[in-house]
Amino acid sequence: GAGVSQSPRYKVAKRGQDVALRCDPISGHVSLFWYQQALGQGPEFLTYFQNEAQLDKSGLPSDRFFAERPEGSVSTLKIQRTQQEDSAVYLCASSLGHAQSQETQYFGPGTRLLVL
Amino acid sequence: GENVEQHPSTLSVQEGDSAVIKCTYSDSASNYFPWYKQELGKRPQLIIDIRSNVGEKKDQRIAVTLNKTAKHFSLHITETQPEDSAVYFCAATKSNTGNQFYFGTGTSLTVIP
Chain B
1 GAGVSQSPRY KVAKRGQDVA LRCDPISGHV SLFWYQQALG QGPEFLTYFQ
51 NEAQLDKSGL PSDRFFAERP EGSVSTLKIQ RTQQEDSAVY LCASSLGHAQ
101 SQETQYFGPG TRLLVL
Chain H
1 GENVEQHPST LSVQEGDSAV IKCTYSDSAS NYFPWYKQEL GKRPQLIIDI
51 RSNVGEKKDQ RIAVTLNKTA KHFSLHITET QPEDSAVYFC AATKSNTGNQ
101 FYFGTGTSLT VIP
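The listed protein sequences derive, respectively, from chains B and H.
So in this note's numbering, spot 88 of the first sequence is number 88, and the numbers just go up one at a time.
So in this note's numbering, spot 33 of the second sequence is number 33, and the numbers just go up one at a time.
It is worth saying that the hints were derived from the structure and are not from the lab.
Please read all numbers here as calculations on a predicted model, not as lab measurements.
Errors might be hidden in some of the hints.
Stated by the list, open to error - Think about it this way: if two alpha-carbon atoms lie no more than 27 angstroms apart in a straight line, the pair counts; the simulated DSS-like pairs of lysine-lysine are:
hint: 1; chain 1: H; residue 1: K94; chain 2: H; residue 2: K71
hint: 2; chain 1: B; residue 1: K14; chain 2: H; residue 2: K42
hint: 3; chain 1: H; residue 1: K37; chain 2: B; residue 2: K11
Claimed, not checked - Computed spacing ranges between beta-carbons, pair by pair:
hint: 4; chain 1: H; residue 1: V20; chain 2: B; residue 2: G72; range: 40 to 48 angstroms
hint: 5; chain 1: B; residue 1: R22; chain 2: H; residue 2: P113; range: 35 to 43 angstroms
hint: 6; chain 1: H; residue 1: R61; chain 2: B; residue 2: G3; range: 20 to 28 angstroms
hint: 7; chain 1: B; residue 1: A2; chain 2: H; residue 2: G16; range: 30 to 38 angstroms
hint: 8; chain 1: H; residue 1: E56; chain 2: B; residue 2: E85; range: 36 to 44 angstroms
hint: 9; chain 1: B; residue 1: R64; chain 2: H; residue 2: Q81; range: 43 to 51 angstroms
Here a beta-carbon is modelled for each residue, glycine too, at the ideal position from N, C-alpha and C.
Could you build the full structure based on these sequences and the hints that come with them?
As structure tokens, then:
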């Protein structure tokens with residue numbers, strides 16, 4: 001079946017622009033996660049949704065970052081007034097649930113954001 | 001929160017040899033430990049995982065061991081092949097609590113033909 005998809009795959013933004021990154025999780029997956037992956041590093045947690053509820057946003061680096069999942073499926077990560085330090089790959093992952101045996105996360109291909 | 005450390009950061013082995021990557025974690029409540037393989041420019045792909053109620057799990061040439069007392073777990077790849085070359089990430093999480101994954105910093109494995 002279809003895996004997690006993300007769009008766009010690449011985004012170049014001028015400093016100060018707003019960007020919106022989209023994630024389509026695996027159908028039926030309750031949990032959705034956003035991670036930020038800097039070059040040569042492991043993914044770092046940004047935020048987590050269970051259905052439409054954003055249960056954890058402790059990893060968002062500043063109030064310029066905002067995420068939503070209004071209908072419990074597609075999610076959008078928005079970054080306002082982008083800065084050069086926002087340049088990274090943004091990965092989306094989904095899992096069936098959060099209970100034991102449902103927690104395996106499946107990743108999308110990521111959006112590579114470059115802020116000039 | 002959880003802190004996962006991974007080493008080595010780079011590893012080169014001859015084709016056919018074994019490769020071992022080690023990770024430690026800090027939160028004794030963590031109970032699920034996946035390993036991901038990430039090829040350049042591609043998505044992380046789950047290759048094996050282990051839960052805290054077992055000490056070892058094997059899948060063909062790949063095995064993972066877990067020592068809960070010492071809070072460390074390791075990935076073992078035997079009979080390495082050039083297509084095993086990639087970056088490998090370990091992660092730790094607590095099931096049933098929202099389970100964000102805490103990742104290690106990655107190991108770049110090169111298998112030399």
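Consistency of the hints with the structure:
1. K94/H - K71/H: This hinted pair holds, its Cα atoms lying about 14 angstroms apart.
2. K14/B - K42/H: holds, 25 angstroms
3. K37/H - K11/B: holds, 24 angstroms
4. V20/H - G72/B: 40 to 48 angstroms: holds, 41 angstroms
5. R22/B - P113/H: 35 to 43 angstroms: holds, 40 angstroms
6. R61/H - G3/B: 20 to 28 angstroms: Check passed, 24 angstroms falls within 20 to 28 angstroms.
7. A2/B - G16/H: 30 to 38 angstroms: holds, 37 angstroms
8. E56/H - E85/B: 36 to 44 angstroms: holds, 41 angstroms
9. R64/B - Q81/H: 43 to 51 angstroms: holds, 44 angstroms
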